[in-house]
Amino acid sequence: MADRRRINGPAGATIPPVFDEDGKQYEHKVAKIRDRAPTAIRKMFLKTGVTPSASGSAYLEYESSAKSGVSGLKLSCTVHGPRSLPRSSPFSPHIVLSTHVKYAPFATKQRRGYLRDPSERDLGTHLETALRGAIIADRWPKSGVDIIISIIEGDQDRETSKFQGDETWDMMNALSGCITVASAALADAGIDCVDTVAGGVAALVQDTSDDSTPRIVLDPIPSEHEKILGACCVAYLPIRDEVTNLWFKGDLPASDIDLYTKLVESGIQASRNGNRVLVECLGETVA
Amino acid sequence: MTTSAPTLAIPGQLLGHASKYQPGPGTHIHESNLYASLLGTIHVTQPAKAPGPVKRLTKITPAPAPAELPTISVTVPTRSAGAEHQQKKREVLPEVGNVVLCRVIRITPRQAVVAILVCGDTVLDAEWQGLIRVQDVRATEKDRVKIYESFRPGDIVRAEVISLGDQANYYLSTARNELGVILATSEAGNAMHPVNWKEYRDPETGLLELRKVAKPY
Amino acid sequence: MATTSSTGAPAAAPSLTFTRPVFAKLSPHPYLLLSLSPDESSSTRSRRTNGRAPHEARPIQINTGSLSQAHGSALVRTGDTTVICGVRGELLPVTSIPQFRPTPSYENADDEEKARKELKEYDLLVPNIELATGCAPQFLPGVPPTTLAQTLSTRVYSLLHSSGLVDGRDLRVKYRPVRPPQDTEAMEEDGQEEEEEEEEVKAFWVLYIDLLFVSFDGNPFDAAWAAVLAALRDTVLPAAKWDADREMVICTTKEKGKKLNIRGHPVPCSAAVFLEKADQQHQDKGRHWILLDPDRLEETLCGEVITVVVDCEGNETRVRSLEKQGGTVLGRELIRGFVGVAEGRWKEVVKAMG
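Residue numbers (UniProt numbering), protein chains in the order written: chain A, 1 to 287; chain B, 1 to 217; chain C, 1 to 354.
Just so you know, not all the hints are guaranteed correct.
[Stated by the list, open to error] In silico DSSO-like cross-links for lysine-lysine, where the CA-CA straight-line distance does not exceed 30 Å:
{"#": "1", "chain 1": "A", "residue 1": "109", "chain 2": "C", "residue 2": "120"}
{"#": "2", "chain 1": "C", "residue 1": "258", "chain 2": "C", "residue 2": "351"}
{"#": "3", "chain 1": "A", "residue 1": "109", "chain 2": "C", "residue 2": "174"}
{"#": "4", "chain 1": "B", "residue 1": "198", "chain 2": "C", "residue 2": "277"}
{"#": "5", "chain 1": "C", "residue 1": "277", "chain 2": "B", "residue 2": "215"}
{"#": "6", "chain 1": "B", "residue 1": "146", "chain 2": "C", "residue 2": "25"}
[Claimed, not checked] Derived CB-CB ranges, DEER-like:
{"#": "7", "chain 1": "C", "residue 1": "47", "chain 2": "B", "residue 2": "154", "range": "48 to 54 Å"}
{"#": "8", "chain 1": "B", "residue 1": "143", "chain 2": "C", "residue 2": "143", "range": "43 to 49 Å"}
{"#": "9", "chain 1": "C", "residue 1": "176", "chain 2": "A", "residue 2": "15", "range": "18 to 24 Å"}
{"#": "10", "chain 1": "A", "residue 1": "5", "chain 2": "B", "residue 2": "46", "range": "56 to 62 Å"}
{"#": "11", "chain 1": "A", "residue 1": "121", "chain 2": "C", "residue 2": "247", "range": "35 to 41 Å"}
{"#": "12", "chain 1": "A", "residue 1": "86", "chain 2": "B", "residue 2": "188", "range": "17 to 23 Å"}
{"#": "13", "chain 1": "A", "residue 1": "8", "chain 2": "B", "residue 2": "203", "range": "53 to 59 Å"}
{"#": "14", "chain 1": "A", "residue 1": "47", "chain 2": "C", "residue 2": "248", "range": "40 to 46 Å"}
{"#": "15", "chain 1": "B", "residue 1": "178", "chain 2": "C", "residue 2": "317", "range": "57 to 63 Å"}
{"#": "16", "chain 1": "C", "residue 1": "47", "chain 2": "B", "residue 2": "143", "range": "38 to 44 Å"}
{"#": "17", "chain 1": "B", "residue 1": "19", "chain 2": "A", "residue 2": "93", "range": "54 to 60 Å"}
It is worth saying that the hints were derived from the structure and are not from the lab.
Where a beta carbon is used, it is the ideal one built from N, C-alpha and C, also for glycine.
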């Protein structure tokens, strides 16, 4: 059963450390405060060319939250290609995209295994759709390109284990980062794109402090809010004004269609903000 | 004449209306406007000079623009700063008519399988596979060509791309004087020198080996 | 034709000249050879294609503690090789160890030796190296770990154990039971001992040491080990104690965590041997060069590789490990000389580690 090509450690199961503060009284100590304006996204650091031997590469880091123990997302992306397709694959008149997203074992609260799990595959699929709309695929017949993203550190709060179910929200932020970093790496690799695609996340949250009314925030950090009702991740081409991928999750009242469009619009707004960082970074790459 | 405006372009950046320029490499047309599709510097080439290599645009361009328009293109700058071995160039695809340098991987009586290493003067990152079929080795006496008398695995060959070929291979030809083997190693492991159009000599053992020799310039 | 344009490089192939990148791609071996053996007449010294002198290593840069999810972490950069190491502790209750034998006393003199055996026997150190991150064109994901990745993991694993870097005593979670009064007559055998109950080990920390290559340009082992060493020195395990009522280990953030006690500074130094003659039969004649800290191109051209692990703590050089693969050039004399080179590298790496 165990993969003999890796070092697996002891046969018995190991348990991640359990903290005594996990009890109820600790939860109240955690200040769930968002110190940014609802429309502000976190600062981002984006740099191309971190892996010189790849055709293109980029590194993206989100500013970590003021609260200690909350990490900012750290992503590294490499692009290999255009390269020849494997001999077994059929003729393709355009470029064949393959995306691969993997969390590092030390990226999240729970140690990740080396095999891709379904959520990582899911991220890869979403990323592929987001990028496919941006790439001019028929410039490169008979070729393939590999886009590989390593999530070096996820967007998680180490201290709280209360949010066990919030991984889906973390995935939204991860996807948004993946799209932006892959876009930079593709531009670095010199693969024709119609526009620079960037990701953006918006969420409908409910906070304890201002009870009752849910509000929409950009670039949410799950641990900063009491409850997330719904969120969407948008991949958006600002010049074309096109959405290449939309991922929506949550539980919104079906009656309020306005709320839904507002959420998507906020996601686009977040993506525009992300795009500004992307364009600035690309400008530095050529200069 | 090339008026090099050292302005930067980012994919998606508007370059001008399609009635003002012809699209060159690194650009695309959307709703009769020209946009950049690559990250790089913008170059405008006047049509007085022979139109630049307008490559692979046939599928994008709706109709050939009038010939007198200047061509606008976006080229990826080489990161030549520092060590030259790290020179970064944008990957290119071999195209019909390109002269490529390749290494012979294996030979069969019908064809030589090669890996394309250099296309034009661009070193390729990826290895593209090519085929030199027996009928494409030389222009004359095609029926008497033997692959093993023309190429050996390990040889470096200069060849021309004649077809995009099948899903895996580009078809190459050496049927010109200046095409053929340019670097060869003898069975004793020494670099050899060409002596005539069909033979290489090992300088240490003095033995001759048969090749389709490229005419030195 | 484009190939005839020379850029003034001394790249003279028979009958034609190439630009340097073309020459490097077509015939890498002569390309490196030419660079290492410049003409007698010219004043240029022997240089590698990456611009370094044969015995020149790339500068090393080490950052620690940049990851917050791991208990210890390090980022190591040497030239274009970048590796990230994250150390994470997880708990292994002794009940999950089938072959567990409680050792009665932990205060004995040979305790250290016992702890070392525990490390190995219960497999408490788990290093793994991931190369399939696209860190170089030949390492793409979607395939099982390459032979190189497996070899590197195993080499790190064996050096971790042979160097005794981690003190096994740091990884024990102990518990001193409070003896309930009715149990006193049940323990008649060791009645001559003191009243106090022996401390017993209830669980062990298992250290998962995961390495991720972000960028790969040769000499992975030296970079990986430097990252392991720096990350382990950075590791702080949370304070943990056995909760007898809940029968589990409970950690606390109220007390300060425990920094690992890392013994020594073993630093590896690798070099590759480049031969004048490329092919197998003629290797013995001709010149050779020892290239310290080889890059990706050099590694593909060299068959013989040596790694010496030295620790120069306290002005005394100890060779902790010596590995050599392939080739016949390096004899006793050369290896002895190479230890001197390794000492120099040791100083650089330890300085970078701060």
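Each hint tested on the structure:
1. A:109 / C:120: Holds, because 27 Å separates the two Cα atoms, which is no more than 30 Å.
2. C:258 / C:351: Within the cut-off at roughly 24 Å; holds.
3. A:109 / C:174: 25 Å, holds
4. B:198 / C:277: 27 Å, holds
5. C:277 / B:215: 28 Å, holds
6. B:146 / C:25: 28 Å, holds
7. C:47 / B:154: 48 to 54 Å: Since residue 47 of chain C and residue 154 of chain B have Cβ atoms about 27 Å apart, the given range 48 to 54 Å is violated.
8. B:143 / C:143: 43 to 49 Å: Taking Cβ atoms as reference, residue 143 of chain B and residue 143 of chain C lie about 45 Å apart, which means the hint holds.
9. C:176 / A:15: 18 to 24 Å: Hint holds: Cβ distance 22 Å, inside 18 to 24 Å.
10. A:5 / B:46: 56 to 62 Å: 60 Å, holds
11. A:121 / C:247: 35 to 41 Å: 37 Å, holds
12. A:86 / B:188: 17 to 23 Å: 36 Å, violated
13. A:8 / B:203: 53 to 59 Å: For residue 203 of chain B against residue 8 of chain A, whose Cβ atoms are near 56 Å apart, the range 53 to 59 Å holds.
14. A:47 / C:248: 40 to 46 Å: Taking Cβ atoms as reference, residue 47 of chain A and residue 248 of chain C lie about 44 Å apart, which means the hint holds.
15. B:178 / C:317: 57 to 63 Å: 59 Å, holds
16. C:47 / B:143: 38 to 44 Å: At 51 Å between Cβs, range violated.
17. B:19 / A:93: 54 to 60 Å: For residue 19 of chain B and residue 93 of chain A the Cβ distance comes to about 29 Å; the hint is violated.
The structure shown violates the earlier hints numbered 7, 12, 16, 17.
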